[in-house]
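Chain residues, written in single-letter form:
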Amino acid sequence: MSSASKQNTLVIEDLHVSVEGKEILKGVNVEIPKGEVHALMGPNGAGKSTLAYALMGHPKYRITEGKVSFHGKNLLDLSIDKRAREGVFLAFQYPKEIPGLKVFHFLKNAYIARFGIDEGSFSSMDFFKKVKAKTELLKMKEDFITRYLNEGFSGGEKKRMEILQLSLLKPEIAILDEPDSGLDIDAVRIVAGGVNSLRGPDIGVLLITHYQRILNYIKPDVVHILMNGRIVQSGGPDLAEHLDNVGYEFAGAEV
Amino acid sequence: MPDTEYRYGFHDPENYVYRAKPGLSHDVVSEISWLKKEPEWMSKVRHKALDYFLKKQLPEWGPFLGNIPFDEIYYYIKPSERQEQNWKDVPEDIRNTFDKLGIPEAEKKYLAGVGAQYESEVVYHSLKEEWTKQGVVFLDMDGGLREYPELIKEYFGSIVPYTDNKFSALNTAVWSGGSFVYIPEGVEVAIPLQAYFRINAKNMGQFERTLIIAEKGSRVHYIEGCTAPVYSTDSLHSAVVEIIVKEGARVTYSTVQNWSKNVYNLVTKRSIVFKDGIMEWVDGNLGSGVSMKYPGAILKERGARAEILSVAMASAGQQQDVGSKVIHMASDTSSSIVSKSISKDGGRSSFRGLVKVVSGLSGVKASVRCDALIMDDTSRSDTYPYLDINSPEVEVGHEATVTKIGEEKLFYLMSRGISEIDAAKMIVSGFIEPVVKRLPMEFAVEMNRLIDLEIEGSVG
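Keeping their order, the protein sequence lines are chains S and X. For the record, in the first sequence the residue sitting at position 93 is 93 according to the numbering used here, with numbers rising by one throughout. Start counting at 1 in the second sequence, then tack on 255, and there's your number in the numbering used here.
Just so you know, these hints were derived from the structure itself, not from any lab. One thing to keep in mind: the hints can contain errors.
[Unchecked claim] Once the Cα atoms are required to be at most 20 Å apart in a straight line, the calculated SDA-like pairs of lysine to any residue come out as:
| # | chain 1 | residue 1 | chain 2 | residue 2 |
| --- | --- | --- | --- | --- |
| 1 | S | K60 | X | T658 |
| 2 | S | K60 | X | R603 |
| 3 | S | K102 | X | D419 |
| 4 | X | K692 | S | E151 |
| 5 | S | K108 | X | R693 |
| 6 | X | K692 | S | K60 |
| 7 | S | K60 | X | E675 |
| 8 | S | K102 | X | R693 |
| 9 | S | K82 | X | E663 |
| 10 | S | K102 | X | D600 |
| 11 | S | K96 | X | M696 |
| 12 | S | K96 | X | R693 |
| 13 | X | K659 | S | E151 |
| 14 | S | K102 | X | M696 |
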């Protein structure tokens, strides 16, 4: 690939990440171009979430080696909020509850920050309509936007809240950390439908999942298998199915 | 040295304006009393209170008060002999100060009556005509004493006697200004009564005295707010507020306190609540160097209820020692205390909550909840709950939480593109939301804005 086309690719090179002095990622290499959906699979403790947090810039995840570039910049030099404004988004496996912070107020501020909108020219009413349309799509309850952010939300509501943010903030690279965990099949369909509606040439997706199930609804272009802090195998969608049949241990043994 | 002449142009001989010498003595008290042309009984109370103040030691608990320069404080300043009724007649300098506080604008929308305290005296007072017709009285305390001496004599010091504590004694000795509010039976005052306070002279103390009497079935919301400029020398604010909530009446008293950080804010606020009456204190403490304030309610008769909501923010060099006191003296009374404190940049906040239930009661409910948010490792928060329950059939709930502003929460919000400062502001304003939402709209906005400014000063 030429360096010009890599502008629109998230390039992770030889990434080493430690948490509290313990090395979790031991040299990860992945390239996710816009327009593609990459599934990252692996057993518990492989380092899947660590990769997600490290890419977004969580202070507890220390980068000891490597580089992550996007738009010709080293993402690792940017603060968390600047990464988000660069178009990187993380849908959390366990979204945080923020007591007292109204969902609408939060969404509005995130939207303004993400797109660098001048508050004076921002129409809350138009934004409200936009949010409402999306909440209907995600089958969220009416009172949703007047509630406090994730406070007292059920697991399914929290996941939908993440997808709602995803669709409002229109990232160029979306990292989805186990968006299906803890969901029943109907909720998985809704979440997957939300993600699928965003697919297209303008977004690259890194979909982290432990199970193959969600991949029945969100078809990946590429599947990577992460074990013990390294990508041990990459391939097409059939790799996920294969994995589902043989299990991670066997996949690991193949390396 | 501060200007000894009055600066606003009322110093012609007929409008002689007095400014007391610094320091406190029986002479000063006599002069205050004489200048105010008070009844004999009030003068006597002042002198007795002064004796008590002089012999009473500083409290041995709570923040250190040994640096208050009692001898350098001016105990009485009278800015004007006039009581202004129209905004236009308020001297320009004073108007400018209020302009900066946004009062004229706010008045149009929200204020039906204004008691704006400037230096030690209320200079501006307006009261909607229909209230006058309803019999509602909203005067500065001096005016109240002139016009309603019998009422004041009956209630003054009945809830907070000068013997209550050293600072209630001080206030009783030198009080000036404050509000006198009387709501007749069955009258509901729809729009909050507001008073803005401002310390504006070097070394000047403010000792306002407020008395609110809500007759049977009446309803009123009184709002007190203060902002103050920063001075280099210490300043003392020591108010006393007494509220009488009669049968079935409901009084809400809201405060946003934002004194400059060199001010000692030592305030005694208490109410007595009769049958089925409701007292609500909503208290926001942002400013002052040292605050000691524990709004209280004495639930005197069956069915009386008290709700006390408070927010305190302690920044660098600040000690917010706040809390609540509720005394259940009758069966079927209930109380709820919710306190939120934020400590940052080495600030210290303490919560003291006293719930006392006397013996022989039944059907009493009390709940205390206090949450502390600590923004960094140099700040501190302490909780001192005192439950003194002497009846067996009492439902008491007590819950206290201390949280640090979570890295995780900041990370979550920042991952959406929100800057660290804005993320911190959102977490903090969310934290205090349960209390702030109880404030009237414009007050809630002001409160959030003040807290935002504080956070801007310390994050990033």
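Structure-based check of each hint:
Between S:K60 and X:T658, the direct Cα distance comes to roughly 19 Å. Compliance with the 20 Å bound is thereby established for this hinted pair. At most 20 Å may separate the alpha-carbon atoms for a hinted pair to count; S:K60 and X:R603 exceed this at roughly 28 Å. A hinted pair counts as satisfied when its Cα atoms are at most 20 Å apart, and S:K102 with X:D419 does not qualify at roughly 43 Å. For the proposed pair X:K692 and S:E151, the alpha carbon gap of about 17 Å is at most 20 Å, so the pair holds.
Distance hint between S:K108 and X:R693 is unfulfilled; the C-alpha atoms sit about 23 Å from each other, more than 20 Å. With a C-alpha separation of about 35 Å, the suggested pair X:K692 and S:K60 falls outside the 20 Å cut-off, and the hint is violated. Taking the CA atoms of S:K60 and X:E675, the gap is about 16 Å. The hint holds against a cut of 20 Å. A hinted pair counts as satisfied when its Cα atoms are at most 20 Å apart, and S:K102 with X:R693 qualifies at roughly 16 Å.
Of the supplied pair hints, the one linking S:K82 and X:E663 holds, its CA atoms being roughly 17 Å apart against a limit of 20 Å. Under the criterion of a C-alpha separation no larger than 20 Å, the hint pairing S:K102 with X:D600 is inconsistent with the structure, at around 27 Å. Taken as a hint, the S:K96 and X:M696 pair is broken in the structure, with Cα atoms around 28 Å apart against an allowance of 20 Å. Pair hint S:K96 plus X:R693 does not hold up; C-alpha atoms about 25 Å apart against a cutoff of 20 Å.
Between X:K659 and S:E151, the direct Cα distance comes to roughly 18 Å. Compliance with the 20 Å bound is thereby established for this hinted pair. Proximity of S:K102 to X:M696 is assessed by CA-CA distance (about 16 Å); at most 20 Å being required, the pair is judged to hold.
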